[in-house]
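Line by line, the protein sequences give chains F and X.
Every letter in the first sequence is one number past the one before it in our numbering, and letter 162, counting from 1, is 162.
Every letter in the second sequence is one number past the one before it in our numbering, and letter 93, counting from 1, is 93.
Rather than coming from a laboratory, the hints here were simulated on the basis of the structure.
Don't take every hint at face value.
[Stated by the list, open to error] List of simulated lysine-lysine pairs, DSS-like, C-alpha gap at most 25 Å:
# : chain 1 : residue 1 : chain 2 : residue 2
1 : X       : Lys324    : F       : Lys165
2 : X       : Lys40     : X       : Lys142
3 : X       : Lys142    : F       : Lys26
4 : X       : Lys40     : X       : Lys68
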Amino acid sequence: MVAQNIFFAIIALAMVASAVRVVTSKNILHAALYLVVVLAGIAAQFIITGAEFTGVTQVLVYIGAVLVLFLFGIMLTRARIGREESVDGDRRWLAGVVALLLFAVMAYALVDAFDTEALDAQNALEPQSTQMVSDAIFHDYLIPFEAVSFLLLAALIGAIVVARKE
Amino acid sequence: MSAVVLADLAYWQVSILRVLGLLAAVLLPAGTIVYLFLFKMMSFMQSRLGPMEAGPYGSMQLLAEVGKWLQKEDLFPNGADRRVFAWAPIVVVASTFIMYTVVPFGPDAWFADIPTGIYFALAVSSVSVIGILMAGWASANKYSLMGGLRSAGQLIAYELPLVLAVLGVVIQAGTMNMQGIVEAQRNGEMFGVGFIGNPYIITQFVGFAVFMIAMQAELTQPPFDMPVAESELVAGYMTEYSGFRFLLFFIGEYATAGAFSAIAAVLFLGGWALPGIGFDADIMNLLGPLVMLTKMMLIVFLVMWFRFTYPRFREDQLQIFAWKYLIPVSLVNIAVTAVLKVAF
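Excised from the complex, chain X in its bound form (with noise of 0.2 Å):
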């Protein structure tokens, strides 16, 4: 349908939808689990009710808030390196902006085809990294400065785990093209039984749980926020930022968990094909987004109900954690994936 659709346009008619659709993939999940999650599961866990006066149950607080933060003063502490300062947090939401190009939410419902799709979103992911240093040096505030080197070293040593908890699936499914790898789940069988397909949540049991805590780790939540510790550092790397550039931040904080919760999605769940319908059907053009929120959502739930749950980790846990259980045990899940690959 939209392939129909989108070849009787100019090139510059379809980028624009693009632009368009893109803003759409990042802020709607974003503000569902703000709305949702931040502001109402959060509530419900600690008794209380969260926002109920904007809209119907607080459902429009998210407005009130962006409008709050636009009206704030761009503040510029004494001292700081304005350019680097002002920078930093673009650098971070255009990293998480490129991260949704490569994941498939339909049979034509995607940004970019590209072959290392995975590898391609994990690459930009850790450019974030990047924009976080910046903020903290650039703001000249010990707190700052403190957060920011917390938030690399915890980066840098979550993040391989991640990549290598990827390289399962990439196994498995014999290819590193998002779409490509919900093809090869939607189409896999399990003993011979393949009415559901072959989620590899299943196969790859032990790649998602290392997934989802380096996932955790990456996107900084509790309880791996040591880097924006507030009883510690206040709010580490984001301590002087004000106004539009910290509603920046904070958009790149979830817009970031959207991104990575959509990539688990694909990798684990099955992303948005459904079983029964052709996997080039039109019609999952329009249901496929949905089928993938709701898979968000869930990932999302999982590691909100973790992050309101467990008390924050010690610097020294965190890297011992990382390096001497959660690497080895997924270099041991790829090598068994790949001889299991090989032996069947």
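Extracted from the complex, chain F is given alone in its bound form (with noise of 0.2 Å):
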């Protein structure tokens, strides 16, 4: 438990040292790499606390192919070597408005939630198995899982239609 807290906390550090320099960093590449570090941080910290298969596709969607995109897209376009003095954009103030709300919204309902109950810690280290985390999708929450997939699916014939207009 207390080898746990150590680690969670060496990186929850370098995740925000990290997700710091996603946003001050003056070249848009440098930015892009130093989300993947925060990612993996995400994925590391889903492993620590025992759920295993959300950690690995932590891993698999977002580093392995979000990212890429992200880094595929940037090269395409536009990729310069060196500081770029106009990647700071105008309406910073404003995403960072954002960001506070969303921290203060998540910060309420987190405490709300738990307030100072504590949690069970022997079951919630319990590695939570994909057996249970297919029931719960495919038994409990089929509805939800089934509404989420046609809309991805919709997206998707509409990505496509967008991008073939002819």
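From these two lone chains plus the hints, build me the complex, please.
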């Protein structure tokens, strides 16, 4: 338990530092690479807390696919080596306000839900099996799951239609 | 046996042993692959002898090569992004090392017992794309950038059939744990005949074929070597690398070949298990790695055979092949496997 707390803190600090670099970096590709570190940190946190399937999915989907597409897109369009002063937009203050609001909402939701109630440590650290995840998705949450997959399919077809206009 | 020995050691001692074991598990197959196939088999297929001077039959050639690369200067091109350039090969090699951690070589001879083993290995293998893109961009060279982009496009396209081909095995075995998959094949039966178990290459042959093709593409071996096509791109994303960092890319390439072939051996050829010897028998901790190495070399032999035989795909053929043929075939394979699994 103590070892887990220590590693949680180390990874969390690294994540915060990288997250700050994502928004302050003057090179858009460096920002994307710092984002890789943040997302890898999230995967590590999932694994530390016993949510192994979620952690592996995080690596496969976010690092292996989403960020590769980010890097791919950046390199295809504009990827200068060195500093770029035009990276900072005028709307960064607005973005800061949105981030603060998001933080407030999530902090409120967490405090409201758990307050001072401590989670059962033994139960919480029990590794969550893949079977439990699939049981939950395909039994309890079947209808939301189908709705989400339908939405994704619609988005996919929409993207193809938009991309090939002829 | 090894479980008894390990129980007496402190955590840090076990960790050191694990690191040494991992180094051996990564480097020995990689070296064997390079000597056996790249040096010797390629030479014989081209009616020449290959390296003969260093050691008997040139078997020490590998050490000579490593010594040569280590002596060379660690060059950084003018205008390159130094930090990203320096880290790129390390990212590629690290992803290969982590892939090996979930592969079982015997009842106790493995590094991490992860319930989602095969899923973990495939997820980690996809991280190497980031290293390749980093290398392509940071070199400040148009050939490198083109190589990096081609490589990323290819790896994304062929990752899907790779994962989908594995799904058939996972459905049939009922587990994602690689040790569990070995056990399921060992204890399986085909039409009531169980003395050699049920290696999934027979029941999942379509999955095996798709996996082998996708693996060839993931390793960017010819005929899927558009990213490093030497007549167009010099050496793709590796163009500007020299010395130690080039060596890392080179080791990464063949160690990844070893890792993928180990995964294929576990998924389709029955892994380390031998018929007639108990599943938990201690002797398998010694025999298992040898059995695995034999099966891995068989798989790499197939890869290299295709590599030295077929000419290179064009970029559009490459993409069409993945999206229009391999992915539908593997989806049908999953559907059929799932139906049969429920029916029987």
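Tested hints:
1. Note on Lys324 of chain X and Lys165 of chain F: the hinted pairing holds, with a Cα-Cα distance of about 21 Å set against a maximum of 25 Å.
2. A C-alpha spacing of about 34 Å is found between Lys40 of chain X and Lys142 of chain X, which places the hinted pair above 25 Å, so the restraint is violated.
3. For a cut-off of 25 Å, the pair hint linking Lys142 of chain X to Lys26 of chain F stands: about 22 Å separates their Cα positions.
4. Restraint check for Lys40 of chain X and Lys68 of chain X: satisfied, since their Cα atoms lie roughly 20 Å apart, inside the 25 Å limit.
Consistency with the previously given hints fails for number 2 only.
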